[in-house]
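Below, each chain spelled out in residue letters.
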Amino acid sequence: AQSVSQHNHHVILSEAASLELGCNYSYGGTVNLFWYVQYPGQHLQLLLKYFSGDPLVKGIKGFEAEFIKSKFSFNLRKPSVQWSDTAEYFCAVLKAAGNKLTFGGGTRVLVKP
Amino acid sequence: GAVVSQHPSWVICKSGTSVKIECRSLDFQATTMFWYRQFPKQSLMLMATSNEGSKATYEQGVEKDKFLINHASLTLSTLTVTSAHPEDSSFYICSATQQGTGELFFGEGSRLTVL
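Sequence order for the protein chains is W and R.
This note's numbering applies: residue 1 is where the first sequence begins, and numbers increase by one.
This note's numbering applies: residue 114 is where the second sequence begins, and numbers increase by one.
It is possible that part of the hints are untrue.
As the list claims (entries may be wrong) - Under the rule of at most 30 angstroms between Cα atoms (straight-line distance), these lysine-lysine pairs were calculated in the BS3-like manner: (1) Lys-127(R) - Lys-69(W); (2) Lys-95(W) - Lys-179(R); (3) Lys-179(R) - Lys-133(R); (4) Lys-71(W) - Lys-95(W); (5) Lys-58(W) - Lys-177(R); (6) Lys-133(R) - Lys-100(W); (7) Lys-95(W) - Lys-112(W); (8) Lys-95(W) - Lys-127(R); (9) Lys-177(R) - Lys-100(W); (10) Lys-133(R) - Lys-112(W); (11) Lys-112(W) - Lys-69(W); (12) Lys-168(R) - Lys-179(R).
No lab work stands behind these hints, which were simulated from the structure alone.
Chain R extracted, bound-state conformation (with noise of 0.2 angstroms):
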C-alpha cells in the first residue's frame, strides 16, 4: 500500500522550545491530512484537519496558536508545537487521504518528549 512517512520518528527537546514534525506521502498525493495525538495507553485523538493551500480545521479543545499545522503541497503536512512543555509530550500520528481512493494511510508516528 501507500506509505506516509514522518519525521522525526522521535524527538526530545527543553521546555520552551519548538519542535517541528513532518508528514510525507511518499508516493501518492494526499488531498487532506489529518493529525492525531495519542497518550499512553489511550486511544487516537483528532487534533486537526488540514487541506493543501488552506488552514487546518482544529478539533475543539485544540490550541491552533498552540499547535501550528502548515500543509505546503499535495504531500507535506507539518506539525509546529510551539514553546513546548512537558505536558505536550505525547505520540504524534498523521494520515493521509489518498487522492482518487480516498484511502486513509498512517504515518509511523513521532514522539515528543519535552524536557
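In isolation and in its complexed conformation, chain W is listed as follows (with noise of 0.2 angstroms):
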C-alpha cells in the first residue's frame, strides 16, 4: 500500500531560523505531490503542489519544496522562519491515475518569538 512519512512529528525553531521538513513517499508511479498546512484552529490550506515540470516548487508565504525522483522524496523548505509559521503541516501525496489524497502523519512545527 502507498504510504507518505513525515520523519519529524515536531520542530522547534526560533525565528529567522532556516527551517526543512522532509517527506518520503513508497509508491513507485507518477505521483502528483502537495504540501498543506493547518494553523491553529482553522483549516487545510494549499502551501504548494507539484505535478510536473521543474521539480523545484515555490508556494505561498516564502515556501519552496523540492521534488527528488530518485530520493521519493519531496520536502519542504523556509529560509528564515517566522513566529506565524507555527503550525502543522502535513505532506500529501495523490497517484496520477487516481483522486485519492493520502497524506503524511503531519510535523508539528513551533516557532519561538
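Using the hints, build the complex out of the two chains.
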C-alpha cells in the first residue's frame, strides 16, 4: 500500500531560523505531491503542489519544496521562519491516475519569537 | 480560493444517538467530495469518497452502515454517524474537488465528542 512518511513529528525553532521538513512516499508510479498547512484553529490550506516540470516548486509565504524522484522525496523548506509559521504541516501524495490523497502523519512546527 | 464549509463545527452528543455533519461547497460545484477523520496528534485518514448521485466508496475498515454518506447535490455532502459511541469522537474533515479545475479544497472540520 502507498504510504507517506514525515520524519519529524515536532520541530521547535527560533524566528529567522531555516526550516526543512522531510517527506518520503512509497509509491513507484507517477505522483502529484502537495504540502498543506493547518494553522491553530483553522482548516487545511494548500502551501504548494508539484504536478510536473521544474522539480523545485515555490509556494505561498516563502515556502518551497523540491521533488527528488530518485529519493521519492518532496521536502519542504523555508529559509527564514516567522512566529506566524507555527502550524502543523502535512505532506500528501496523489497517484496521477487516481483521486485519493494520502497524507503523511504531519509535523508540528513551533516557532519561538 | 474556493470555500468549503462544514456544519456544525463542534457537536457533543450522547452515546447511542446519531449525528449529521454537512459539507458544502459555497461558491463552486464539487464533482467529488471526500470525508476524512483525524485523531488527536495523527494525520488525516480517508474514510470515503462520494460522487453526486451515487453511492459512496468506503475505505477498507470503515463501516458504511456506521458512517452514512449522502451526496445529494454538487454542493452538498452529509456524513451521519449512526449510534455514536465515545470511540467515534474525532475530528471529521471534508474536502471537495472543484469541477473544471480539479483543485481540492478543505472544510474547517467538525469536532465530534460522544459522551
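Hint-by-hint comparison with the structure:
1. Lys-127(R) - Lys-69(W): Given that 30 angstroms is the threshold and the Cα spacing comes to 49 angstroms, the pair is violated.
2. Lys-95(W) - Lys-179(R): At roughly 28 angstroms apart (the allowed maximum being 30 angstroms), Lys-179(R) and Lys-95(W) satisfy the hint.
3. Lys-179(R) - Lys-133(R): Given that 30 angstroms is the threshold and the Cα spacing comes to 12 angstroms, the pair holds.
4. Lys-71(W) - Lys-95(W): holds (17 angstroms)
5. Lys-58(W) - Lys-177(R): Between Lys-58(W) and Lys-177(R) the Cα gap is close to 40 angstroms, so the pair fails against 30 angstroms, i.e. violated.
6. Lys-133(R) - Lys-100(W): This hinted pair holds, its Cα atoms lying about 23 angstroms apart.
7. Lys-95(W) - Lys-112(W): Roughly 36 angstroms separates the two Cα atoms, so the pair is violated.
8. Lys-95(W) - Lys-127(R): violated (39 angstroms)
9. Lys-177(R) - Lys-100(W): With Cα atoms ~18 angstroms apart, Lys-177(R) and Lys-100(W) stay inside 30 angstroms; holds.
10. Lys-133(R) - Lys-112(W): violated (39 angstroms)
11. Lys-112(W) - Lys-69(W): violated (33 angstroms)
12. Lys-168(R) - Lys-179(R): holds (15 angstroms)
Hints 1, 5, 7, 8, 10, 11 from the earlier list are contradicted by this structure; the remaining hints agree with it.
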